[in-house]
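Residues per chain are reported as follows:
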Amino acid sequence: MQAHATTRSASGVTRRGFLLGAGGIGAGLALAGCAPLGGSSSRPETITFYVSKPEVIGYFDDVIAKFHDSQRAIRVVRDSTSNMSANFVRNRPPDLGCLNYNYAMVSFVEHGALTDLSDLPEKDTINPDLWPLMQQTADYPGRTSVLPYSVTAASVIYDKALFAQQGIEVPTTWSAFTDVCERLVRAGITPMYGTYKDNWTIAQGMFDYSVGGMLDVPATFAALDREGTSVGKGSAVSFEEDFAAPVGRMVDLLQWHQAGAASRGYGDGNLAFAQGKAAMYLQGPWALGEIAKTNPDADLGTFPFPATDDAADNKVRVNVDLGLWIPEASRKQEAAREFLSFLMSPEINDRYNADNNGFGVRKDSPPVSNPALRGMQDSYDDARFYLGASQLIPAEIPVANYLQSIAFGGAPAPQLRTLDGDWARLALRSAA
Amino acid sequence: MSLQAPLRPGTTATGSVRSVDADRTAGRRGERSNWPVTILLVLCTLSVLVPLYVTVTMAFKTTSQAVDGNAFSLPAPFSVDGFVQAWQLTDFPRAFGVSVLVAAITVVGTILLASFTAYAIARNWDRRLFRWSFFYLLAAMFLPFPVLALSQVKLTGLAGLDNPFGVAILHVMFQLSFSVLLFTAFLRSIPAELEESARIDGASTGQVFWRLVFPLLAPMSATVGIFAFLASWNDFVMPSLITSDPALQTLPVLQQMFQTQFSNNYNVSFASYLMAMAPAIIVYLVTQRWVMAGVTQGAIK
Amino acid sequence: MATTTTESITTAHRRRRGGAAPRLQAGSRSRRRVDPLFLVFLVPTLVLFTLAITLPAAMGIVLSFTNSVGFGEFRFTGLTNYVAVFSDPAILQAYLFTIGFSLVTVIVVNAIAFLLAIALTSKIRGKIALRGVFVLPMVISGIVIAYVFSFLFANSLPAFATALGFAPLEQSILANPDLAWLAIVVVTAWQAIPSTLLIYIAGVLSIPGEVYEAAALDGASAWRQLVSITAPLTAGYILINLVIGFKNFLNSYDIIVGLTDGGPGTSTTSVAMSIFKGFSGGDYAYQMANATIFFVIAVVIAVIQLRATRGKAAL
Chain A
1 MQAHATTRSA SGVTRRGFLL GAGGIGAGLA LAGCAPLGGS SSRPETITFY
51 VSKPEVIGYF DDVIAKFHDS QRAIRVVRDS TSNMSANFVR NRPPDLGCLN
101 YNYAMVSFVE HGALTDLSDL PEKDTINPDL WPLMQQTADY PGRTSVLPYS
151 VTAASVIYDK ALFAQQGIEV PTTWSAFTDV CERLVRAGIT PMYGTYKDNW
201 TIAQGMFDYS VGGMLDVPAT FAALDREGTS VGKGSAVSFE EDFAAPVGRM
251 VDLLQWHQAG AASRGYGDGN LAFAQGKAAM YLQGPWALGE IAKTNPDADL
301 GTFPFPATDD AADNKVRVNV DLGLWIPEAS RKQEAAREFL SFLMSPEIND
351 RYNADNNGFG VRKDSPPVSN PALRGMQDSY DDARFYLGAS QLIPAEIPVA
401 NYLQSIAFGG APAPQLRTLD GDWARLALRS AA
Chain B
1 MSLQAPLRPG TTATGSVRSV DADRTAGRRG ERSNWPVTIL LVLCTLSVLV
51 PLYVTVTMAF KTTSQAVDGN AFSLPAPFSV DGFVQAWQLT DFPRAFGVSV
101 LVAAITVVGT ILLASFTAYA IARNWDRRLF RWSFFYLLAA MFLPFPVLAL
151 SQVKLTGLAG LDNPFGVAIL HVMFQLSFSV LLFTAFLRSI PAELEESARI
201 DGASTGQVFW RLVFPLLAPM SATVGIFAFL ASWNDFVMPS LITSDPALQT
251 LPVLQQMFQT QFSNNYNVSF ASYLMAMAPA IIVYLVTQRW VMAGVTQGAI
301 K
Chain C
1 MATTTTESIT TAHRRRRGGA APRLQAGSRS RRRVDPLFLV FLVPTLVLFT
51 LAITLPAAMG IVLSFTNSVG FGEFRFTGLT NYVAVFSDPA ILQAYLFTIG
101 FSLVTVIVVN AIAFLLAIAL TSKIRGKIAL RGVFVLPMVI SGIVIAYVFS
151 FLFANSLPAF ATALGFAPLE QSILANPDLA WLAIVVVTAW QAIPSTLLIY
201 IAGVLSIPGE VYEAAALDGA SAWRQLVSIT APLTAGYILI NLVIGFKNFL
251 NSYDIIVGLT DGGPGTSTTS VAMSIFKGFS GGDYAYQMAN ATIFFVIAVV
301 IAVIQLRATR GKAAL
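Chains as they are written, first to last, in my numbering: chain A, 1 to 432; chain B, 1 to 301; chain C, 1 to 315.
Only true hints are included.
Pair by pair, the computed Cβ-Cβ distance ranges are:
{"id": "1", "chain 1": "C", "residue 1": "Leu48", "chain 2": "A", "residue 2": "Gly232", "range": "47 to 53 Å"}
{"id": "2", "chain 1": "A", "residue 1": "Asn370", "chain 2": "C", "residue 2": "Leu51", "range": "50 to 56 Å"}
{"id": "3", "chain 1": "A", "residue 1": "Ser341", "chain 2": "B", "residue 2": "Leu158", "range": "32 to 38 Å"}
{"id": "4", "chain 1": "B", "residue 1": "Val84", "chain 2": "A", "residue 2": "Asp62", "range": "19 to 25 Å"}
{"id": "5", "chain 1": "A", "residue 1": "Thr308", "chain 2": "C", "residue 2": "Ile297", "range": "46 to 52 Å"}
{"id": "6", "chain 1": "B", "residue 1": "Ser197", "chain 2": "C", "residue 2": "Val40", "range": "20 to 26 Å"}
{"id": "7", "chain 1": "C", "residue 1": "Phe160", "chain 2": "A", "residue 2": "Glu347", "range": "54 to 60 Å"}
{"id": "8", "chain 1": "C", "residue 1": "Leu51", "chain 2": "A", "residue 2": "Ser118", "range": "40 to 46 Å"}
Treat the hints as calculated values from the structure; they're not laboratory data.
Glycine included, each C-beta is placed from N, C-alpha and C at the ideal position.
Next comes chain A alone, as it looks inside the complex (with noise of 0.2 Å):
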């Protein structure tokens, strides 16, 4: 549930943005620390365990208790508030870390700031779908820095009393997703609600929905890597060219969305749905927890986006919600590794994942426990998903910016220009 891409990941409106070289700020409670127990004959060590998503950290006290409860040797002490890219200055980061891995890990992962998990026995019980995931947001050649821990699906969440009231099944092809919109506006309802002031909703939403079905994600992003400071007209990849079509899927969607959604935030939206005002909601499973304040009764669903006219194009939307490592600064890496190893086990693993709302890292996970989010289960279990690209792109090009100029209106064309030249911008100054 916690930070993608945005510079606002952890907070809504403050300054974490420019704090985000790390992941996870300053949101958190204050220490749950454990007193060493008296009178064991060895003094027990005491590790830094950094968890910082503000939802969870009540559940992970929990689940220190049961390792207190388990084991003498070793203490445990959260931490949800230290800055992450303060600690790595200070060359004091934490024992163990569990944060959202998405491109603001790059930095530490790529300077090989982390250790080399692979040799623990819990690394080969990840499914092996995950790796190429993991990858694509950041790679140390020869080591595998992070285990993930949680994923969260995301594709279109949809009012099933409304769709069953109109007699509308679930759409598999574009034609027939259109099809659905056309009947709902006839009947007077809106299809999709639309939340154009908070843009990080239409980079999470819309867009990476459509990039996700009409191209091929990692391979894009590598041929945009390898182009660098040529890309633009003419290039082998660009965004000018090889976006112009999911984003003009993303334009063709505008028109299903109701009208005054230019001034409708996030909050706005999980209300209106949660009000029964619209059919779908292009948004992940952290609304869910939102909806469920207003209406707790919903029966909602969800079904991939079919972004073509080829139901086996249909993908859902993931990213690494939560994912474990252990610094090269850490001088209690192996303490630290039994901690791992407890939180990694299936009964922990399962239900931190069945609780909230996040699909299973291991092989032999169960499937989702939500009832919403069945409709994601097939899709994940045959890896027929995509990381979101805005979630690759760096947070250095405003994309979501961009993305929001053209659902207010404006041309794609010069949008997608733009992403052009800053990406080359970005590679020449990245290379020197």
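Starting from the known structure of chain A, arrange chains B and C on it as the hints suggest.
The following block gives chains B and C in isolation, referenced to the frame of chain A:
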């Protein structure tokens, strides 16, 4: 235009009040209060009170009502759940205590250091060292924080100052330029003749400063103090970077948890901000009284 | 009494200088020897300041000539980052927006705050209460301000405008690429007026009451008093507020992110936003170069402001 300054000794009709601030005299002398201006001001206060109303009502709403999109509705049902959650989640007493400590050090440190420096500069303007120091401090005020940030993290880490004390020291340093600017401007209105006559009477520079000048600086000390307090009290960027031990974190940093990109908890966060706002308002009211008192006292001296 | 004599001397001083404030030096004598206490007052503070501010700044500026990501090893890359900054159209647009927006806001804020200061120090009722109210915007957290004003602009204002039939405001002003900046000016001014006001109040309070009384005896109207007494004698404070205010608005971040996140599109992206946005590791050194350039520009603008008002209020 000719200004006839009243050269007669003895108090003026307004009781030697050194300013046009007629708090103590309005009504007493039978002078008419300026009603049109008063009414205009009251109308202007709406622009402040309306947002405050929204904040207060939101703090007392339940979670479901907090997201219902009606900012102006009254809480129904009335709930202190926001306050309870905020209190527990931030470990409010401890965070409050840390914030108070940091702010107190910042205020005292800023007022003392800035008044010392400003006095030295103001009374030695003809010497290069002091004049250039002034412009040095002034120029440093324009440094954007990002340029300094990570280097300060490194240095405080090395110096063992990655804790609230380091934060307080940095707060004082950041406030220094602006406070020196304010003090030097204010020092202009304190005539040199006062100090000269005290010196002729045998007072040392130190005594002149402590016994004569510093008390006269009271109104500006109060202003500098309130700015320093607010800058320190509401600051969250620097403490989140500098303080490494989460148990010693200040209130604004801990309050960030309520408002994430994906989850709205307005009732909890607004309750938390209200609890944090109260001391700031109290400090402001106290310093404003000090400004009043300082002004009249300075006149009588 | 000493006071009145003092005040009269001060006034005479001011008259002699034709309305300009007295210079900062102590009278007209020049001292041959500096009282060591003055050095004790100055030097330790300077040293501490240099260690806490100048040294980190120098380190940061040095990093702008490298490819550092904030931690770990780095390589010197000379002027690469600076060249890159100057060839980035997004940064140029951010500077243009930020400077224009700051100009408008500083004028609005100072005009309103000055008038409010006069009003709040005149003979009105409920002075303490009113002054207490007007400081509230300074005390309220930025997130609250962003939420409240987002709501007002997106819902209340359009409702108002629709009721009155005033077309341009019927859509949320925040969604209008040409007008969104006005909303940001309003909210920034709302938050900035209290601090400006406090300084003006302190400034107005430093003017002796006798000056106004004498002027009133001479038959000067309230407006005349404002223009010929209050304004010149608070000129130093006006200058402070203009210079500091402009610098603060150049650094605008919280409010813009809260209201529009630099949108619609990138029409309200400020320089501070682009610096912070690119701070996630990869672009650290690049944004340090941007920040250094920003520092230089801010200082240049301040120097221009000081030079332009040299005659009226020497610092």
